[in-house]
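Peer 1: Line order of the protein sequences matches chains X and D.
According to the working numbering, the stretch in the first sequence is residues 1 to 610, in order.
According to the working numbering, the stretch in the second sequence is residues 611 to 767, in order.
Watch out, some of these pointers could steer you wrong.
What the hints assert, rightly or not - Dumping the calculated DSS-like pairs for lysine-lysine here, alpha-carbon to alpha-carbon at most 27 Å:
#1 X/K593 <-> D/K711
#2 X/K120 <-> X/K331
#3 X/K50 <-> X/K40
#4 X/K331 <-> D/K660
In short, the hints are calculated from the structure, not lab data.
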Amino acid sequence: MDTKSIHSEKNKKNENTENKAQPVIAVCLGTGGIAAGGDKVFKKFEDEIKRLSMDAAIGKRVCKTAKTGCRGLCARDVLVDVSIPGTKPLTYEKVTVDMVPQIIEEHIVKNTPVEKWLAKEDYHKFYDSQQRHVLANSGIIDPENIDEYIARGGYVALKKVLETMTQQDVIQEIKKSGLRGRGGGGFPTGEKWASGARYSADEKFIVCNADEGDPGAFMDRSLMEGDPHAVMEGMIIGGYAIAATSGYIYVRAEYPLAVKRLHWAIKQAKEHGFMGKNILNSNYSLDIHIKEGAGAFVCGESTALQYSIEGKRGMPRTRPPQSVEAGLWDKPTVLNNVETFANVPIVINRGADWYSKIGTEKSKGTKIFSLTGRIKNPGLIEVPMGATIRQIVFDMGGGIPRKKKFKAVQIGGPSGGCLPESLLDSPIDYESLLGLGAMMGSGSFVVVDETTCMVDMARFFMNFCAGESCGKCPPCRIGTTLMLDILTRITQGLGEESDLELLEQMSDEIKTMSLCGLGQSAPNPVKSTLRYFKDEYIAHIRDKTCPTATCVALHRYEVVSEKCTKCQACIRNCPVKAISGSTKEVAFINKEKCIKCNLCYEKCNFMAIK
Amino acid sequence: MEVIDTSKVEKVLEKYKDTRGALIPILQAAQVGYGYLPEPIIDFIAERLKISTSEIIGVATFYAQFHLKPRGQHIIKVCCGTACHVKNAKSLSVKVHEKLKINVNETSKDKLFTFEEVSCLGACGIAPVVVIDEDVHGELSPDKLGGILDKYKKPEV
Numbered sequence: 001m002d003t004k005s006i007h008s009e010k011n012k013k014n015e016n017t018e019n020k021a022q023p024v025i026a027v028c029l030g031t032g033g034i035a036a037g038g039d040k041v042f043k044k045f046e047d048e049i050k051r052l053s054m055d056a057a058i059g060k061r062v063c064k065t066a067k068t069g070c071r072g073l074c075a076r077d078v079l080v081d082v083s084i085p086g087t088k089p090l091t092y093e094k095v096t097v098d099m100v101p102q103i104i105e106e107h108i109v110k111n112t113p114v115e116k117w118l119a120k121e122d123y124h125k126f127y128d129s130q131q132r133h134v135l136a137n138s139g140i141i142d143p144e145n146i147d148e149y150i151a152r153g154g155y156v157a158l159k160k161v162l163e164t165m166t167q168q169d170v171i172q173e174i175k176k177s178g179l180r181g182r183g184g185g186g187f188p189t190g191e192k193w194a195s196g197a198r199y200s201a202d203e204k205f206i207v208c209n210a211d212e213g214d215p216g217a218f219m220d221r222s223l224m225e226g227d228p229h230a231v232m233e234g235m236i237i238g239g240y241a242i243a244a245t246s247g248y249i250y251v252r253a254e255y256p257l258a259v260k261r262l263h264w265a266i267k268q269a270k271e272h273g274f275m276g277k278n279i280l281n282s283n284y285s286l287d288i289h290i291k292e293g294a295g296a297f298v299c300g301e302s303t304a305l306q307y308s309i310e311g312k313r314g315m316p317r318t319r320p321p322q323s324v325e326a327g328l329w330d331k332p333t334v335l336n337n338v339e340t341f342a343n344v345p346i347v348i349n350r351g352a353d354w355y356s357k358i359g360t361e362k363s364k365g366t367k368i369f370s371l372t373g374r375i376k377n378p379g380l381i382e383v384p385m386g387a388t389i390r391q392i393v394f395d396m397g398g399g400i401p402r403k404k405k406f407k408a409v410q411i412g413g414p415s416g417g418c419l420p421e422s423l424l425d426s427p428i429d430y431e432s433l434l435g436l437g438a439m440m441g442s443g444s445f446v447v448v449d450e451t452t453c454m455v456d457m458a459r460f461f462m463n464f465c466a467g468e469s470c471g472k473c474p475p476c477r478i479g480t481t482l483m484l485d486i487l488t489r490i491t492q493g494l495g496e497e498s499d500l501e502l503l504e505q506m507s508d509e510i511k512t513m514s515l516c517g518l519g520q521s522a523p524n525p526v527k528s529t530l531r532y533f534k535d536e537y538i539a540h541i542r543d544k545t546c547p548t549a550t551c552v553a554l555h556r557y558e559v560v561s562e563k564c565t566k567c568q569a570c571i572r573n574c575p576v577k578a579i580s581g582s583t584k585e586v587a588f589i590n591k592e593k594c595i596k597c598n599l600c601y602e603k604c605n606f607m608a609i610k
Numbered sequence: 611m612e613v614i615d616t617s618k619v620e621k622v623l624e625k626y627k628d629t630r631g632a633l634i635p636i637l638q639a640a641q642v643g644y645g646y647l648p649e650p651i652i653d654f655i656a657e658r659l660k661i662s663t664s665e666i667i668g669v670a671t672f673y674a675q676f677h678l679k680p681r682g683q684h685i686i687k688v689c690c691g692t693a694c695h696v697k698n699a700k701s702l703s704v705k706v707h708e709k710l711k712i713n714v715n716e717t718s719k720d721k722l723f724t725f726e727e728v729s730c731l732g733a734c735g736i737a738p739v740v741v742i743d744e745d746v747h748g749e750l751s752p753d754k755l756g757g758i759l760d761k762y763k764k765p766e767v
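Using the sequences provided together with the hints, build the complete structure.
Peer 2: Below you can see the structure in the form of structure tokens.
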């Protein structure tokens, strides 16, 4: 398809929506939306409309805030947008199948929205306080329909690149924008492309790292599910810049919906001439293939990922040579993360000058964080680099639920660190996070409250790294296991004071001696908790208590009589009926029956169980 | 050695015969066909791809997705990612153990359930999460999970 036809297509699309003036019902159909029954709600809307022979299009799309995030945010369940031409689109939350007929009857037919089911103020606050550029289409368009992407300016950047820019122009533009890798390290994307372009070979590859293994991060999944063409467009532009001959997307097999939508996107992009031979009648050709991962965290490391694409064990190798020189099948390879690619069309469309105005001096643009854990409004948020932790946790996230106190935020997953309350006003960018002992990582942002034990948190991440270590280099393979042993001992009350020094020492050794990023960053969660929460380690070791009652081996559950409101939540939730009490009597825990499941502590809203 | 029908894997090998680096997709497709990777099938693939069995075993044991032993009819995956961890995913694992009397990575005697703990399924917004077969169940409590498991226990009509 030539450029004109893209535009005529675009205009046609606009005319369609304007002329026909159809009401549109858009149902959240991301992984989270489907888990909440989104597909059933969607089906019900379809059935009802068919039954009433009404002229409304049902848009199949993912919900606005992100597929899964929206649920917590919108007081659970499916989000549905109803737009009646000529009026402001309205969002319903908690939509169930039973609510569908009434929404149709009152809102669509009579044009009187069902007020009681509309999204409340906190939904809009969450949404309005962000700057959504990369997520601009997610939740708005139907990800399975390329026309909707095109109608919102999709593939215009690719056209601009192929028609008016040389490879060097593209690289210069990306360099000037200051875009840095969103997958963890924050390497300047333009630099990487420039070195990729420098090497010539009969085959060159552009690879998209969609092996989002960092527990607590799901922005890449949401992007692939919500706006797959944006990722694809960025990749094709990158491919052009480095003269790649083919492309691969390495995506986790744990993300079946993302895999399905990417396959769709590739098919449609080919049909429209955006991919394949002589893209948009230029001399550039590129095909993109999908490789499904098979469940190994270490495959997020670039060399391991390339081995995995080749069908081998995904074990990292020493560098140099860097991938740009000899990567996939020993050919020059440029590898970027999903979110990085999704930023590329924005840079090209709006210009490096515009882009580089967003963010801080060294970290440009916006970053998507997956805000989860003990937070009122979990979800995906996109903020300019340099936003503070406080803004994210309290302004967008709505703070901590159930009257508990904020304790820390874990940024960057197993490679990152835990930052305490005193750092709430720190700006988030690549450098400042490193300085504080955390790391941008892929952008997982897990909030923990006063009921979470930081020693246990460190143990959790070490357990993860020990399990995911590929076993190639001893510092990582043996080091993480030994550190895990020490941490486990501490959480069982068997720690010694000398352990703390030993942990520090081992952290430094593993960091310096490990082969790849997994080992080098594995001690970060331990180091950061030792730095900010040393008192908790000391409580476990010296006093043999866990201040948050998480480490079950150390705990004897008791009711604090002064705080108990006799609400009996603990009694109702105790699985072994070890708690007695009534509306007149404070609760009492029978220690012989207690199995230390921690449920009473969890359920108590008044911190009356210690 | 047990006799196993190789026709399923034949088709897979045919489909990928011109694909570079096809071992992992071949194993994935074979596993879909057989439910796990039986030894004779691994030998068969090795012979056809002209690589050693040990290379395939090396790959199959490296990745969490591959299974060398038969698995249950329903696969229960309790997510142990960070977000689920801080929302007490452990209590869900305890519940599965209590209810089905199997430990992690075990299959129940009636071959109905296999119980696994996995790291992050990317559904952190609705933590804690359990995935049974393809269905994602979010915002679970041990009680809710118990109810869901009961539904799967009933024989299919």
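Peer 1: It remains to establish, for every hint, whether it holds in the given structure.
Peer 2: Verification of the supplied hints:
{"no.": "1", "hint": "X/K593 <-> D/K711", "in the structure": "holds (21 Å)"}
{"no.": "2", "hint": "X/K120 <-> X/K331", "in the structure": "violated (53 Å)"}
{"no.": "3", "hint": "X/K50 <-> X/K40", "in the structure": "holds (15 Å)"}
{"no.": "4", "hint": "X/K331 <-> D/K660", "in the structure": "holds (24 Å)"}
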